[in-house]
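Asker: Chain by chain, the residues:
2 protein chains.
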Amino acid sequence: MIENKNPSKTALSQLGEFGLIEHLTKVFEIGQDTTIKGIGDDAAVLDFKDKQTVVSTDLLVEGVHFDLAYMPLKHLGYKAVVANLSDIYAMNAVPSQITISIAVSNRFPLEALEELFDGFALAAKHYQVDVIGGDTTSSQKGLIISITALGYAQEDEIVYRSGAGDKDLLVVTGDIGAAYMGLQILEREKQVFLVNPNNQPDLDAYSYLIERQLKPEARNDLKKLLADLEVHPTSMIDISDGLSSEILHLCKQSQVGCKLYEDKLPLDPQFINACEEFQFDSTTIALNGGEDYELLFTIKMEDFEKIKGNPHLSIIGYINPEDEGTHLITRENTQIALKARGWNALEEDND
Amino acid sequence: MIENKNPSKTALSQLGEFGLIEHLTKVFEIGQDTTIKGIGDDAAVLDFKDKQTVVSTDLLVEGVHFDLAYMPLKHLGYKAVVANLSDIYAMNAVPSQITISIAVSNRFPLEALEELFDGFALAAKHYQVDVIGGDTTSSQKGLIISITALGYAQEDEIVYRSGAGDKDLLVVTGDIGAAYMGLQILEREKQVFLVNPNNQPDLDAYSYLIERQLKPEARNDLKKLLADLEVHPTSMIDISDGLSSEILHLCKQSQVGCKLYEDKLPLDPQFINACEEFQFDSTTIALNGGEDYELLFTIKMEDFEKIKGNPHLSIIGYINPEDEGTHLITRENTQIALKARGWNALEEDND
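Listed in order, the protein sequences are those of chains F and C. Numbering of the first sequence is given in the working numbering, commencing with residue 1 and proceeding in unit increments. Numbering of the second sequence is given in the working numbering, commencing with residue 352 and proceeding in unit increments.
Hints were generated in silico from the structure; no laboratory data involved. Quick caveat: nothing in here was measured; it's all calculated off a predicted structure. For glycine and all other residues, C-beta sits at the position ideal for the given N, C-alpha and C. Treat the hints with care, since some could be wrong.
To be verified - Partial list, computed: chain C residues near chain F (C-beta under 7 Å): (1) Ala-394; (2) Asp-409; (3) Asp-438; (4) Ser-452; (5) Ser-456; (6) Gly-493; (7) Thr-685.
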């Protein structure tokens, strides 16, 4: 999908590999003090001085991670960067550089790649990260995007998954589930479009959900917010693979269990309405939907007063000893074992 | 191609994504002082202290960069790592960590991926780099490998492409062209095999060429060698994309020209014999073949005595002012303009 309705089409073969890379990468600007040398040598050179370096990487495959039928290329580029930066924020670090590699089949004209790179550049600008390298090559089928993000933090600022302790509070940023329901709306519209291409969808009632799916943002505000509140998280994790599975990762690595309260899950009204319309159980979606680039972290119980009432943060439960297990407490006060992913994620606890 | 002749086959779907990643990554060990946290959190954490950080990335696509008909998966894994490390060595830096992401179609059984990961692990061990992260996902077609390599060096040790000066000597490590001829041999054997699968090839006469193609090594010896000789290169570049195009990159970024001597190009006897057999012009192949993970660098003329006669290093020409151009001087003392890549790379200079 190309935003320009009457795109000109330039075959990639007209430029050659070096010409193509030079053309596409000219949208990127270097702005970070830590970047000594960006694109243009065998490797980029960075200088983090006394800071520690944080590195994360992701591979996105067309038909597996995204569908270009409803994902405009510019949005895809933006989202691909956001997804990687979220992992850096989840370490309580500051992202500063990314490398971007793509493989494309010859069905993509140059103008399509320009849209994609505009999305990369927009995200890089918004999140103040430098694009310092990458690779552009051909694929046998479809589009593949590989991004590696680098960032930095002082040693004592970095927060791992493994630091949660008994009685710590479980806190999540923003709200959850909306990106998944946005995807359902877009999937439905795609089917409607296939039946009747002239149908004009009215998506106003779902605008937030669609935005969460097509143009998500990463939590670049949390590090400062917590520093201002003088709260140091004991553990942290990105929940873009789904809240339930990520809580389980955090508990496993911290060797603890937890209790999560169904009535504390932060849900947007549009999300609740869409779940009703689709006859989906909103708790199941909120726990397992994924693609919300929110962060889950734990804090010491004595920090409760500092966090309480903050509109960006929801306390959704607390940590208990490992042998007490990992549970959801329902509105009816039933205890259900948390399971990772899938539609059978919620089952009665027979332990 | 799987080395085990009677492989058992385990479908990837039997393990699930997390199970698969956990299974495959257990072959990796952490050994570097600079690695604070490897695989297992949202991001890896590194500490390079007062050193600068060097970062390079590559994307390899089946059918574009490699052919599994003659490239065993273990060799592919090894070579993919070597190719990335070569870029770090080309900065005169020390590689210390890599991330490895793969996308695979469901035609690959678990045992095939184990071979691939054994190759990754073998290279990581040989070159003493830690595998600190990555991603494993499905592809719509074939195998895709994305590797990002990180390394470090003191600020004053790092060598860029842009530092070559007038009258500097052009030096290349090892010998060139052999990897390309190894590929030709393998391509020929593949065709023979397709006609007669029972034919047993005798490849002894080509053993060096095939090794250069299937199990290349990167120049992890050069940094120490030059330090011991007390030579600091003025510029350096990896020549795996072909000597000719890389010399042009180096000259462009250094804003200089060069003279390269045909009779100084370091060629292995097996390479010369194979070129004769295939009726290829050995100079054309040596200049444009590529996939030799050797390094090209420049040194001050006064360092000539220190380099002279070293069996690992060949002085192949010198730098001249930019307006004198970039030329090859043939054995017949003809001056030919250097061109980047391709079979028409050598044409008479009509400037």
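Asker: Now tell me, hint by hint, if it's right for this structure.
Answerer: Comparing the hints with the structure gives:
Interface hint at Ala-394 (chain C): satisfied, since its Cβ lies 4 Å from the closest Cβ of chain F, which is below the 7 Å cut-off. Residue-level restraint check for Asp-409 (chain C) holds (minimum Cβ-Cβ distance to chain F is 5 Å; threshold 7 Å). Because the closest C-beta pair between Asp-438 (chain C) and chain F is about 4 Å apart, less than 7 Å, the hint holds. With a cut of 7 Å, the hint placing Ser-452 (chain C) at the interface with chain F holds, because the nearest CB-to-CB distance is about 4 Å.
The closest approach between the C-beta of Ser-456 (chain C) and any C-beta of chain F is roughly 9 Å, which is over the 7 Å cut-off, so the hint fails. Taking 7 Å as the C-beta contact cut-off toward chain F, the hint placing Gly-493 (chain C) at the interface holds, the least distance being around 5 Å. The criterion of a C-beta within 7 Å of any C-beta in chain F is not met by Thr-685 (chain C), whose closest approach is roughly 27 Å, and the hint is violated.
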